[in-house]
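Quick note: the sequence shown uses our numbering, first residue 41, plus one each step.
You may find that some hints are simply not true.
What the hints assert, rightly or not - Cβ pair distances, simulated, as ranges: (1) 110 to 55: 36 to 42 angstroms; (2) 49 to 106: 14 to 20 angstroms; (3) 60 to 95: 24 to 30 angstroms; (4) 73 to 95: 32 to 38 angstroms; (5) 99 to 59: 36 to 42 angstroms; (6) 60 to 87: 21 to 27 angstroms; (7) 50 to 75: 23 to 29 angstroms; (8) 57 to 86: 24 to 30 angstroms; (9) 113 to 63: 38 to 44 angstroms.
Derived from the structure by calculation, the hints contain no laboratory data. Quick reminder that beta carbons are idealized off the backbone N, C-alpha and C, glycines included.
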Amino acid sequence: MANYYGKEIYADGPEGEERGTTTPVDYFDIANDFGLSDMHGNVFEWCQDQYESYDKTPVDESASTSDNKETNRVIRGGSWSYVPRSC
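Make the full structure from the sequences, and use the hints.
Have a look at this one:
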């Protein structure tokens with residue numbers, strides 16, 4: 041379950057709801073084995089990592105950073121305004 045732009049469908053899936061806003065925590069009343077819910081859609085997660093290229097990604101699990109202020113940040117998760125394929 042995810043909060044996304046439901047008027048667009050993915051593959052053969054059904055059309056969903058277009059809520060047009062974020063949803064409260066545990067809105068769908070379904071948690072994973074870790075007890076976490078609503079992990080897809082809703083809002084983007086803006087990560088510390090900055091994206092330059094995969095060949096410059098650290099292999100020691102540290103954040104990928106750049107001195108270039110124009111370098112894009114990595115975002116994850118999709119958003120309530122994105123189509124399901126983007127989640």
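Does the hinted range 24 to 30 angstroms hold for residue 60 and residue 95 at CB? For residue 60 and residue 95 the Cβ distance comes to about 40 angstroms; the hint is violated.
With respect to the beta-carbon atoms only, verify the hint that residue 113 and residue 63 lie 38 to 44 angstroms apart. Given range 38 to 44 angstroms: violated, Cβ gap about 24 angstroms.
Look at the Cβ atoms of residue 110 and residue 55 and judge whether their distance stays inside 36 to 42 angstroms. holds (39 angstroms)
Given a hint of 36 to 42 angstroms, does the C-beta separation of residue 99 and residue 59 actually sit inside it? With a Cβ separation near 40 angstroms, residue 99 and residue 59 satisfy 36 to 42 angstroms, so the hint holds.
Is the gap between the beta carbons of residue 49 and residue 106 within 14 to 20 angstroms? violated (37 angstroms)
Cβ distance range 21 to 27 angstroms for residue 60 and residue 87, holds or violated: holds (25 angstroms)
Return holds or violated for the Cβ distance of residue 50 and residue 75 against the range 23 to 29 angstroms. holds (27 angstroms)
Using the Cβ atoms, figure out if residue 73 sits within 32 to 38 angstroms of residue 95. Holds - the Cβ-Cβ distance for residue 73 and residue 95, about 35 angstroms, lies within 32 to 38 angstroms.
Residue 57 paired with residue 86, Cβ distance criterion 24 to 30 angstroms: 25 angstroms Cβ-Cβ, so the 24 to 30 angstroms window holds.
When each numbered hint is compared with the structure, violations occur for hints 2, 3 and 9.
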